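Number of protein chains: 2
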Amino acid sequence: MTNDPRRQKQLQKLVQKLGLPEHSPVEWKLLDLALTHPSISAEANYEQLEFVGDAVVRMAASELLFETYPNSSVGEFAAIRSVLVSDRILAQLAQSYGLERYLLVSSSAANDFAGERSRLADAFEAILGALYLSTHTLELIRPWLDPHLQELAAEVRKDPARQNYKDALQEWTQARYKILPEYRLQETSRVHGTADRFTAQVWLHNQQLGEGKGRSKKAAEQAAAKQALLAVQGKQSEQD
Amino acid sequence: MTNDPRRQKQLQKLVQKLGLPEHSPVEWKLLDLALTHPSISAEANYEQLEFVGDAVVRMAASELLFETYPNSSVGEFAAIRSVLVSDRILAQLAQSYGLERYLLVSSSAANDFAGERSRLADAFEAILGALYLSTHTLELIRPWLDPHLQELAAEVRKDPARQNYKDALQEWTQARYKILPEYRLQETSRVHGTADRFTAQVWLHNQQLGEGKGRSKKAAEQAAAKQALLAVQGKQSEQD
Numbered sequence: 001m002t003n004d005p006r007r008q009k010q011l012q013k014l015v016q017k018l019g020l021p022e023h024s025p026v027e028w029k030l031l032d033l034a035l036t037h038p039s040i041s042a043e044a045n046y047e048q049l050e051f052v053g054d055a056v057v058r059m060a061a062s063e064l065l066f067e068t069y070p071n072s073s074v075g076e077f078a079a080i081r082s083v084l085v086s087d088r089i090l091a092q093l094a095q096s097y098g099l100e101r102y103l104l105v106s107s108s109a110a111n112d113f114a115g116e117r118s119r120l121a122d123a124f125e126a127i128l129g130a131l132y133l134s135t136h137t138l139e140l141i142r143p144w145l146d147p148h149l150q151e152l153a154a155e156v157r158k159d160p161a162r163q164n165y166k167d168a169l170q171e172w173t174q175a176r177y178k179i180l181p182e183y184r185l186q187e188t189s190r191v192h193g194t195a196d197r198f199t200a201q202v203w204l205h206n207q208q209l210g211e212g213k214g215r216s217k218k219a220a221e222q223a224a225a226k227q228a229l230l231a232v233q234g235k236q237s238e239q240d
Numbered sequence: 001m002t003n004d005p006r007r008q009k010q011l012q013k014l015v016q017k018l019g020l021p022e023h024s025p026v027e028w029k030l031l032d033l034a035l036t037h038p039s040i041s042a043e044a045n046y047e048q049l050e051f052v053g054d055a056v057v058r059m060a061a062s063e064l065l066f067e068t069y070p071n072s073s074v075g076e077f078a079a080i081r082s083v084l085v086s087d088r089i090l091a092q093l094a095q096s097y098g099l100e101r102y103l104l105v106s107s108s109a110a111n112d113f114a115g116e117r118s119r120l121a122d123a124f125e126a127i128l129g130a131l132y133l134s135t136h137t138l139e140l141i142r143p144w145l146d147p148h149l150q151e152l153a154a155e156v157r158k159d160p161a162r163q164n165y166k167d168a169l170q171e172w173t174q175a176r177y178k179i180l181p182e183y184r185l186q187e188t189s190r191v192h193g194t195a196d197r198f199t200a201q202v203w204l205h206n207q208q209l210g211e212g213k214g215r216s217k218k219a220a221e222q223a224a225a226k227q228a229l230l231a232v233q234g235k236q237s238e239q240d
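If you read the protein sequences in the order shown, they are chains W and U.
All residue numbers for the first sequence refer to my numbering, where the first residue is 1 and numbers rise by one.
All residue numbers for the second sequence refer to my numbering, where the first residue is 1 and numbers rise by one.
Be aware that one or more of the hints could be misleading.
Because identical chains cannot be distinguished in the list, a pair is counted as satisfied if it fits within a single copy or across any two copies.
Straight-line C-alpha distance at most 25 Å; calculated SDA-like pairs for lysine to any residue [to be verified]:
| id | residue 1 | residue 2 |
| --- | --- | --- |
| 1 | Lys178 | Pro38 |
| 2 | Lys178 | Lys218 |
| 3 | Lys29 | Ala114 |
| 4 | Lys217 | Gln170 |
No wet-lab data here; the hints were simulated from the structure.
The model shown is predicted, which means the values in this text are computed figures rather than measured ones.
Construct all of the structure, not just a fragment, from the sequences and the given hints.
So this is what it looks like as structure tokens:
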């Protein structure tokens with residue numbers, strides 16, 4: 001229990017919203033901490049729980065993928081996981097539970113609208129950390145998080161173009177070789193706005209994995225990462 | 001149980017070596033898979049379990065750091081965790097348990113001595129995946145893994161210079177901002193072997209975090225990462 005009965009009530013409401021049973025073994029002090037922004041307290045805030053929660057959400061996503069898609073390659077796992085654990089998705093989930101209403105944050109920090117997405121994603125991870133540490137299992141997490149992850153994983157599989165290919169490729173090279181891909185950029189046309197203004201190559205060790213063009217550096221890198229990812233996944237499924 | 005009684009005996013011996021009780025609820029088929037290299041079977045090998053195990057070891061390390069160093073900053077957590085989950089450390093742990101004797105691998109792959117370290121690290125992660133999935137908790141893992149992680153974490157804290165600063169910085173920027181630092185390299189001297197031949201800068205968003213020099217590109221980047229890491233950690237502890 002927290003010392004403040006109003007806060008306690010608020011937290012209980014959130015737990016109920018997550019669909020957890022009324023007498024769930026939640027460590028309320030941890031949950032309270034998970035919903036305390038660093039602008040409220042420099043010492044007692046969600047940062048450490050967010051660090052744990054970052055590992056928890058990877059764990060939950062990995063387990064779900066392992067159980068749901070036994071025939072998928074690890075390349076595909078890595079690509080899907082990178083989407084599931086992304087800030088964008090975590091903030092989206094946080095929003096769907098109205099997390100901003102439970103987060104204690106100083107008014108000056110709250111006015112930083114640009115930072116709202118990362119605040120929500122961070123607090124969401126911290127909640128996962130607090131719920132994990134309450135039982136040292138995923139039992140307070142998977143019942144409500146799994147359906148979201150299932151749906152998202154199915155969407156990503158259906159429409160891989162929604163993916164962030166750079167993230168996905170990075171996940172794959174990290175998982176497989178523990179190193180990062182390297183991008184080499186060239187300005188191939190000086191004309192602003194042309195679709196092939198930039199050319200990016202992506203390399204791993206001494207091997208070129210892919211090449212792509214784009215209007216911006218970022219777009220060229222994404223195109224190169226996409227080609228690389230399709231190439232390595234194709235190679236992998238040939239081996240399967 | 002596996003179908004092969006000799007293999008079953010071998011796996012039981014390994015579990016005993018880990019110090020787990022005789023009748024531990026191990027899913028033997030998963031453990032068997034965790035110790036099967038892709039060169040033996042393209043379909044039934046350790047790759048998927050390694051993917052899960054990669055998340056498991058991050059989880060175990062995060063939980064341990066959270067419990068052991070309640071007053072440390074997340075920057076320090078991230079730096080230590082990056083060492084604990086590194087290939088080098090995982091291969092070292094695998095070796096200390098003589099894992100190579102349990103790993104099924106084709107003779108041609110076994111002769112690839114250069115790949116031994118990553119084979120061992122991969123199989124070690126896969127074992128963690130198999131043991132986690134046996135109970136959906138860390139109860140078959142933490143009893144024997146924690147003492148290793150404790151000792152390693154204490155070593156890293158005592159002598160941070162042993163760290164890989166690039167990995168540590170990357171962990172920190174990923175944990176905090178979900179982006180990677182960017183290195184910019186210059187050859188500042190053409191003379192081979194001079195200590196300041198290369199100069200590296202490390203940038204995050206549009207801010208330079210650190211600069212370093214070195215005999216090689218890698219050394220210059222490590223020096224830049226070190227400066228950046230000390231700067232951001234210093235800044236963080238001032239805030240604390």
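The hints, checked one at a time:
Within a single copy, lysine 178 and proline 38 get their C-alpha atoms only as close as 32 Å, which misses the 25 Å cut-off; across copies the closest is 18 Å, which meets it. With identical chains, the CA atoms of lysine 178 and lysine 218 are at most 25 Å apart both within one copy (23 Å) and between copies (16 Å). Taking identical chains as interchangeable, the C-alpha atoms of lysine 29 and alanine 114 are never at most 25 Å apart, the minima being 29 Å within one chain and 49 Å between chains. Within a single copy, lysine 217 and glutamine 170 get their C-alpha atoms as close as 17 Å, and across copies as close as 21 Å, so both meet the 25 Å cut-off.
Taken one by one, the earlier hints fail for this structure only at number 3.
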